[in-house]
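**Q** Residue-level listing of the chains:
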Amino acid sequence: MSQSQDCALLSICDLKKFYDQPGGGKLTILDVPEFQIARGEQVVLRGESGSGKTTLLHVISGIVPADSGSIRLEGVELMRFSEAKRDRIRAAKMGYVFQTFNLLPAFTALENVRLGMSFARGKLDIERAKDLLNRVGLHDRMHYLPGQLSVGQQQRVAVARALVNRPILLLADEPTANVDPANQERMIELIAKQCQEESVALLLVTHSDAVASRFSRVEQLSKINRALQTASV
Amino acid sequence: MNLLSIALRNLRYRKLASFLTALSMALGVALVVLVLTISGVIEKSLEKTSNVGYNLIVGAKGSPLQLVFNTVFFLSQPVENVPYAYYMEYLPADGRQKEYQRIGGELKEPERSGLYSFLMQGGFAIPLCMGDYVDEFRCVATTPDYFGLLKHGDLNDQDYRFSQGRNFVDYSEENGFFEAVVGSQVADRLGLKPGSEIFASHGAESGQAHGQGFVVVGILEPTGSPNDRGAFVNIEGFYLLEGHVAPERDEESGLEKRGTAQGPQRQGVLSKVRLPVEKREVTAILLKPNGFAAMSMEKQINKTKFAQAVSPIGQIEGLLGVFVRPLRWALLGLTSLVVIVSAISILVSIYNSMNDRKKDIAVMRALGASRDHITAIILLESLLIALAGGLVGWLVGHALGPLSNAWTMPTTGVKIDWFAVQSRWELWIVPGLVFLGTMAGAIPAMAAYRTPVARNL
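Heads up: the sequence lines are chains G and E, in that order.
If you count by the numbering used here, then the first sequence holds residues 1 to 233, one letter each, in order.
If you count by the numbering used here, then the second sequence holds residues 1 to 457, one letter each, in order.
Do not take every clue at face value.
To be verified - Straight-line Cα separation of at most 30 Å, BS3-like style, residue types lysine-lysine; simulated pairs:
1) K130/G to K359/E
2) K93/G to K358/E
3) K299/E to K98/E
4) K16/G to K358/E
5) K93/G to K359/E
6) K415/E to K151/E
7) K130/G to K15/E
8) K359/E to K26/G
9) K130/G to K358/E
10) K26/G to K358/E
11) K85/G to K359/E
12) K359/E to K16/G
13) K98/E to K108/E
14) K85/G to K358/E
15) K358/E to K15/E
Derived from the structure by calculation, the hints contain no laboratory data.
Computed from a predicted structure; not experimentally measured.
Pulled out of the complex, with its shape left as it was, chain E reads as follows (with noise of 0.2 Å):
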């Protein structure tokens, strides 16, 4: 018999210490591997999220990461908004006048153009309004670009595509400015289909549903962004519900004046009548300027007293610099003291052991087994259980993740394949075993090591 077989042989002789003591280390392991899974899909998925086919957002002065999180992940509240005409200074060429010729009401100086559209050549500007819920899913009001002109995936190259229907329109024969598109998810759980009827509740989910209702004419094919999640309505006709109207304000302090908020008359769903420039308001926009304009722009508007750019990917990073891969490495620090203790658990099972043992080594001693075999045998008992338990600590972790993409695919858009690995920290986990295994086994194999012989036969 080898050393190995012979180190097999009195691990199944003490089957139960051993099965315990593999267990608490696979316990170790497949938590070690859960927290490595879980962070490398969180990073994953705030990455691909955050390359969004837009470099900038532009919003109302105040927390760039809630900005983010409000535009991107629908997450969070609408602090401010910006006016509408603000939102034109972005149009690229004659975009400024077009849209004010489209729209109509008050605004400065009309016939010139946006004043950063000479940045904007070849780019795009696209406005949002948010505040709004259907349901339990974000409300985003905005124009037919967001999904003719954005892209998603991994590398932002596939076009937005429709299991059902089609994009809304901005002005249609059939529902006027009330057309709605929405994400694969609100359309699996509220049951919709081309035709139902949206309401939008103002404000929070639990608020009060506007009166009139959009249509829904699209479905989105599921992207794995959070755009799976969101209900997103003709801007046009988002502002002709009661309470979007922006009221006007005090230029000084800033405040509403009182009784401004009325919006236009409309005459039935089909009305032509649209809600002026100067009583619009948008909480975000996004821009994609021309050639490496972004970064000027950034700090351009960074400067300016009402309004601030930022960059979802520079925020994301940020996100993950911060939060992220610090917890992570709290959360590895942690799981790494359980593996600890495993191993010690292995250290005092074995240690204990060798009382009972004495009489075993002494023979073999005598059989011819030198001090290094025994120490080896030893070794190898310790290195055997903390390898198995991991192998099995690293299976469960893994069998665990494909298991949860029922949950986890819809709303981070990654789907965790069997026994991939999502982070490459993974690599360390067998030599941090045999390490660690070896560490185990080096107190009880120096005890079997100064076993007298003669003494124990």
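Next comes chain G alone, as it looks inside the complex (with noise of 0.2 Å):
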């Protein structure tokens, strides 16, 4: 059942994004009339590969501006936004985490985390990033480079990174693509663990049966999103 637009967090209305095709023409990958997040609320998207998963999650962080439509986050319409305001509103209040982790190979883990809370305005505090790591059971790996952590420890950094900053939404991008399938489990936990303990509201998506039953709105991107549903017919 979904929220009423005026106390939703995040609120889609008439959201749609083309590519140009190749040999011209454009294709539909997201037409989605309605959406919304609660606050503090985890949410799963399920849908295939190729669905428009993670563009969808690429327009809501602003990464990719939609074609039309409405995203308004707390009430303030995104669309209208500039880049660089859009830029801004990502650092300050998203969270996000990779399917392939992405953490930069120059950067220790803390630095990593660090960075997280680099782009926005506000004082850059060492001592959340250390916590969050501790909370993460990273408190020995605070100097290791990405490579000399194992693939269960990077993902752990990146949720770190992701809630460094405190954000109010935390979207997830099959955070566990790239887990074996003992840590998988793990990995759900401490990303909805740490969802809650901050208050973040969390869009994870993902194709994994697995993943979407630990949660409790599990939500078809078929159903969602127009453009798949034309897309089979």
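Using the hints, build the complex out of the two chains.
**A** Following this line, the structure appears as structure tokens:
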């Protein structure tokens, strides 16, 4: 059941995104009439590969602009902002956990986490970064480079980085895709728990049933995204 | 982490490339500093030496620059001489008459004063004879006035002092006419002290030594001038050496009359027989006229047939303007090219790394970095390499200067201090590096600016 747009943290309305096709014409990737997330709510968006999950996260986070429609965050329309403004909002209010972790190889675990707060306005809080690494169980790995960490450890650093700036919305794109099955559940528990402790809303996209089953609200992308319905027809 | 620390971390991650590009910049800047330092030293040395304490050098007609080189710097060879009687025309007051009485011989109108004596009141005229050598050092025959009346130093206000002994005199009971004073470098190099005897070689370093030696009675304190490399002998004794008699010349052709170059008979070292006036020539005359007479004298002398007058300051300034400064600019141009090539290497190095860093850039953008943040980081990296390399180059360039003092100071008289700026053009190095670093980083920064985010995540 969706929340009313007035009190929703994230509210999407008539969102469309096209890509140019090589042979001419436009391919509709996203056609989302309505989608909302409440404050602190944890939502899984389930879809197969190529269904536009990553594109939706990119559009929500402002990494790529939508072609039309509305995206409201805390009631503020993001579509009317410039790219630079969207960057600032993303830095301040959103966290992002990538499928392939995307830690910067030149920076230690601690520095990667601190990077998460480098581009938002406000004071850099090194103690916050250390605290988050402690909470994800990496207190003795702070000064290790990514190449010196295991896959699971790297993903935990990525989670800490996504939360370090106290976002209101965490976007996670297939966070367990590169984690072995034994650690997948641990990883999902970690993300869910940290978001709950920090009162951060979570939008997690995945194709995995096992991951989706952990959460109470699971939306099928094929039902939200009309572009998929049109394509299948 | 702020943008500066991100840039520093990126440079450390690519240590080798960062080090090599900074090194090439250091080399370029070191060369620029060296060129500025050396040209500054040369200029200072020439300017210091040009402050000689006299206004004009008079010599035989020829190249003014050659006359200055020969007289002031003891370089080149004297081309021709002028009669001693001509020198006597410059003696102030009744100096001409007194000189004739002292020397004797044949002189037209011996009772009159010198033709230029009225312009020389309060000034002086000092004769020089050159052409001989003591080992590798120039032998200068002159009068005791050379060290008695001339001064030295940056402000030309320091008397010549002797670390050992005294100035030579016109005639002494002990050594007759054959006394000498040597510069500090001559004494060091040849191991001379008061009482040592030196022998002048006629015409060249390898020329035949004269049979009669001169006794060293004084060693000059270092002056930082070419005088440190001179052996100064009493001109009276010089004239008594074989081959130093001026031959008679045909008035019309100027050719020597054979059999006329004979010196007086001497009985031993302590003989008081002097070479007569008509048998003497001088290579150069150092003049200090009174007031502003120097300029008018210079013009008048240069109108004569066989003599010229040059202002040493003017010639040295001309040398600086025609040779030293253009050469400095040419070398600066070359070394600046090295710096520019180094900047290009920074550009290439950072640009080539952009391909490998697309993902990193995309991640930072996804974390909220704006395009301007990314551009700033790349520009900072370029600037840091340029400035770090430039700083090392500046230090190395300045360190080489003082390390070379052992060789350059005795020759030029200029001491290069640690990190002393010899030329104001050096102040342009930092702004230049900032400019080059920015330019070098501009193209990679633009590439970073345009990096597509979604495609590279």
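**Q** Against this structure, judge whether each hint is valid.
**A** These are the hints, each one checked on the structure:
no.: 1; hint: K130/G to K359/E; in the structure: holds, 25 Å
no.: 2; hint: K93/G to K358/E; in the structure: holds, 24 Å
no.: 3; hint: K299/E to K98/E; in the structure: holds, 28 Å
no.: 4; hint: K16/G to K358/E; in the structure: holds, 27 Å
no.: 5; hint: K93/G to K359/E; in the structure: holds, 22 Å
no.: 6; hint: K415/E to K151/E; in the structure: holds, 20 Å
no.: 7; hint: K130/G to K15/E; in the structure: holds, 27 Å
no.: 8; hint: K359/E to K26/G; in the structure: holds, 27 Å
no.: 9; hint: K130/G to K358/E; in the structure: holds, 28 Å
no.: 10; hint: K26/G to K358/E; in the structure: holds, 27 Å
no.: 11; hint: K85/G to K359/E; in the structure: holds, 22 Å
no.: 12; hint: K359/E to K16/G; in the structure: holds, 26 Å
no.: 13; hint: K98/E to K108/E; in the structure: holds, 14 Å
no.: 14; hint: K85/G to K358/E; in the structure: holds, 22 Å
no.: 15; hint: K358/E to K15/E; in the structure: holds, 19 Å
Taken one by one, the earlier hints all hold for this structure without exception.
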